[in-house]
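Enquirer: So the chains spell out like this:
Number of protein chains: 2
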Amino acid sequence: MPLPLNPHRHLMADTKALTPRAQDFSAWYNELIVRAELADYSPVRGCMVIRPNGYAIWEHMQRALDDMFKATGHQNAYFPLFIPESFLAREAEHVEGFAPETAVVTRGGGKELEEPLVVRPTSETIIYAMFSKWIQSYRDLPVLINQWANVVRWELRTRLFLRTTEFLWQEGHTAHATVEEAEREALLILGIYRSFMEEWMAMPVLTGRKSDSERFAGAIHTYALEALMQDNKALQAGTSHNLGQNFAKAFDVTYQTADGDLDHVWSTSWGVSTRLIGGVIMTHGDDRGLVCPPRLAQWQVVIVPIYRSDEEQATVFEAVLALQATLREAGIRTQVDLREGMKPGAKYYEWEARGVPLRLELGPRDLAGGTVMCAKRTGGKESLPMEGLVERIQRELETMQRELFEAALARREAATIRRATKQDLVDAMAGPGGFVFGGWCGGTTCETEIKDQTKATIRLLPDADFQSPTPPERCIWCDKPSLKEAVWAKAY
Amino acid sequence: MPLPLNPHRHLMADTKALTPRAQDFSAWYNELIVRAELADYSPVRGCMVIRPNGYAIWEHMQRALDDMFKATGHQNAYFPLFIPESFLAREAEHVEGFAPETAVVTRGGGKELEEPLVVRPTSETIIYAMFSKWIQSYRDLPVLINQWANVVRWELRTRLFLRTTEFLWQEGHTAHATVEEAEREALLILGIYRSFMEEWMAMPVLTGRKSDSERFAGAIHTYALEALMQDNKALQAGTSHNLGQNFAKAFDVTYQTADGDLDHVWSTSWGVSTRLIGGVIMTHGDDRGLVCPPRLAQWQVVIVPIYRSDEEQATVFEAVLALQATLREAGIRTQVDLREGMKPGAKYYEWEARGVPLRLELGPRDLAGGTVMCAKRTGGKESLPMEGLVERIQRELETMQRELFEAALARREAATIRRATKQDLVDAMAGPGGFVFGGWCGGTTCETEIKDQTKATIRLLPDADFQSPTPPERCIWCDKPSLKEAVWAKAY
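Sequences listed follow chains W and C, in order.
Under this note's numbering, the residue at position 69 of the first sequence is numbered 106, and the numbers go up by one with no gaps.
Under this note's numbering, the residue at position 467 of the second sequence is numbered 504, and the numbers go up by one with no gaps.
These aren't lab readings, by the way, just hints derived from the structure by calculation.
Watch out, some of these pointers could steer you wrong.
One copy or two, either will do: identical chains are not told apart, so a pair holds if it fits within one copy or between any two.
Said to hold, decoys possible - Pairs of lysine to aspartate or glutamate residues, derived as EDC-like cross-links and limited to a Cα-Cα distance of at most 16 Å, are as follows:
{"hint": "1", "residue 1": "459", "residue 2": "268"}
{"hint": "2", "residue 1": "170", "residue 2": "133"}
{"hint": "3", "residue 1": "170", "residue 2": "77"}
{"hint": "4", "residue 1": "148", "residue 2": "138"}
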């Protein structure tokens with residue numbers, strides 16, 4: 038069945054312009070989300086409602102990631118929302134990291150519970166309790182599991198998509214026979230996340246390891262992906278953890294090796310969340326609203342009919358619906374805007390705010406000439422022949438996807454300082470922000486002082502792909518020999 | 038990337054046969070789920086773990102239903118897990134129905150909450166709070182929203198898939214300008230559910246209205262779908278509610294009509310859950326394990342190599358992988374079982390327990406003859422020519438899908454008594470069970486007495502499609518004139 042002709046009539050145009058990014062980036066971000074109806078504030082403290090326009094982006098993200106996980110042998114499963122409070126305590130670092138931000142169920146079915154249940158902030162503990170039951174022998178390994186779920190972390194300061202008490206995510210959990218295999222898995226996923234962010238979100242990322250102070254509570258290493266938003270603040274977009282044998286030991290997940298010995302499994306966990314929608318907004322959005330990369334857009338094309346008389350309307354509507362059918366058949370996600378009593382300009386304004394990549398305008402003159410007017414969300418308007426339109430539109434969408442990535446990459450590079458001095462770091466953080474690459478002695482004293490004095494944190498110790506060609510020799514802060522190159526930024 | 042050659046090595050064959058259905062249906066059901074690794078008990082009271090084999094069935098269900106919802110104009114969204122306790126209380130029947138079975142968060146971020154938060158047992162209240170914000174005018178209607186989510190109802194007696202404290206479901210919530218439109222929506226969804234259950238689950242269902250005592254807390258009508266399991270007990274498989282203006286009034290969801298008046302919206306809600314997996318098991322399973330309808334099966338075909346020597350093994354493995362590639366290319370979900378050191382018979386036993394529709398056995402003799410041996414999960418084994426194999430397998434899968442439905446329908450009809458007398462009802466409930474159709478005076482006295490004396494409840498007042506050709510004239514219990522035909526059964 039087709040969509041109702043008029044599925045958007047409940048969305049009345051709000052004609053007040055967004056606060057410009059340059060004036061107040063944070064206000065712009067919040068207004069854009071509400072204007073484009075991506076999400077809304079809810080009556081529940083710290084929790085948001087993800088509206089259909091926002092959820093559709095999440096569904097495209099899910100589909101793309103899920104396909105990649107499955108193509109590499111992972112399977113989905115589902116574990117309980119509730120975790121006995123005592124489970125969280127079994128891994129010492131883990132409980133320290135998560136206990137302060139948990140929501141706790143103390144009443145069930147009208148009675149006080151004997152043991153309170155924590156609403157999962159992440160599922161390692163409940164999953165390892167199950168792994169200890171399922172895994173006996175090296176033949177049972179590897180176990181490669183992923184879960185799409187909601188999690189809860191009690192946040193004091195919340196931002197739509199970026200930091201909410203409840204959020205949606207996927208969390209992968211794998212168990213392996215060797216430390217090398219677990220490390221390979223953590224890096225495989227890091228690569229999948231990077232491909233996804235670059236190719237689907239058109240969002241360039243740095244990859245690398247977190248410093249010890251920033252790693253996941255319970256991991257031996259945390260790998261991360263960091264993107265630079267338009268306000269030159271970093272967004273941690275995903276993490277992949279090598280958990281070593283920490284959780285295996287806490288939950289006694291052992292297996293019989295091929296030689297007949299008993300050993301603990303080696304494991305990983307990894308996740309990305311609805312925070313990525315915030316990343317799309319802050320990477321590509323402009324002062325008119327969302328700019329959505331075509332591969333993630335709910336609608337890649339919207340067709341707006343142009344007409345004056347009733348007679349024109351009938352002919353044009355018919356042509357618009359026929360064109361929609363043609364584009365949909367070719368797999369192009371196409372919406373039509375047949376609302377009556379609304380001027381084309383008001384429609385353009387609304388669809389721009391929602392970030393639809395291409396707008397087609399079709400009127401009697403276009404019909405007579407066998408053409409259609411095509412406006413790109415990223416700028417430019419051109420009359421296209423109907424002949425060969427499908428291929429042309431597919432090409433335009435691919436080009437826009439690539440150009441969005443290239444523009445974001447150029448912006449990031451322009452906001453990146455390599456081999457920075459202490460003064461560069463201080464100036465950047467007092468001024469424009471951005472990624473600052475410099476040497477690091479490896480000491481937490483320097484890390485803490487930098488954070489206290491500049492508000493910048495080590496986002497990651499970059500992987501080979503992102504390291505400076507000539508590594509810095511001295512620590513950016515204390516001038517002692519550098520152990521590792523590091524990347525600093527202020528972060529969300 | 039291909040799946041690892043040996044993704045199932047962690048699954049050791051358990052060679053103990055299942056308890057036969059005829060001996061103890063309930064034991065059979067529980068053992069089957071654990072044996073086929075569909076789900077497992079968790080350390081959290083009343084909560085289960087859905088394992089990959091079970092979750093894959095749920096994913097196929099989700100995809101099919103989601104496509105149908107979207108094709109009829111519904112959009113997905115996501116609302117908060119937590120609901121302020123006071124919201125639940127706003128609709129009087131609703132709070133009475135749900136408050137006794139809620140899980141309540143009283144602590145967050147280390148502090149006692151001022152207002153406790155209920156973990157959603159269903160989302161009407163939080164969604165209507167948002168609708169009151171979003172809906173202003175008749176132009177904003179209809180709102181057609183669906184949510185895929187977890188919900189929690191504190192259950193005292195739990196059964197895997199059928200009744201668990203937490204379960205996964207979808208819940209649709211729609212708002213309309215007129216009562217007629219809301220009624221049409223509730224029936225549209227009932228029809229979608231019926232198609233899905235018949236065509237995907239191969240599970241025949243009765244549709245109809247619930248009696249007042251069985252309707253949803255807060256609805257004016259509840260429509261339901263009821264299926265008959267192999268033990269002749271009914272399973273409520275889905276519900277679709279016409280909520281009238283009850284929630285609109287409780288949450289003050291008003292809109293300006295085209296005439297400029299103010300009115301409350303008319304609304305519906307509807308849902309199906311992971312309980313449906315229990316329905317598949319109890320509709321089609323046999324004493325060897327799950328029988329999964331091809332359209333929902335994680336793997337539709339498994340290929341088992343047959344070989345004696347290393348040389349044979351190399352040739353046969355190559356042929357098995359080539360055949361898998363061919364079948365996958367044609368969209369047939371195909372797994373291979375290349376485990377070494379395990380006899381073919383043990384593999385057959387395992388894949389039968391998991392319900393894979395077709396098993397292909399491929400050995401040197403088959404290769405030489407250009408054939409492959411094909412065993413159907415529902416019985417029968419036949420050598421098929423490799424030539425035209427894809428089409429043949431597609432046909433076999435379609436045939437099996439249809440035959441499973443027909444067999445289930447025949448079984449249900451054999452266990453159905455029409456125009457039953459009081460004695461028929463008593464005897465059926467004391468004996469074999471099944472669906473008993475009879476007249477009903479409409480009185481709750483009869484309804485309650487029947488329940489107390491026979492344990493049967495009115496499953497529904499059947500829709501025209503399922504009513505007896507000649508309607509019963511007298512109430513099955515009190516012999517007064519019948520108002521409606523009703524269907525009784527014992528139920529899960």
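Enquirer: Of all the hints given earlier, name the ones this structure violates by number, lowest first.
Expert: 1 and 2
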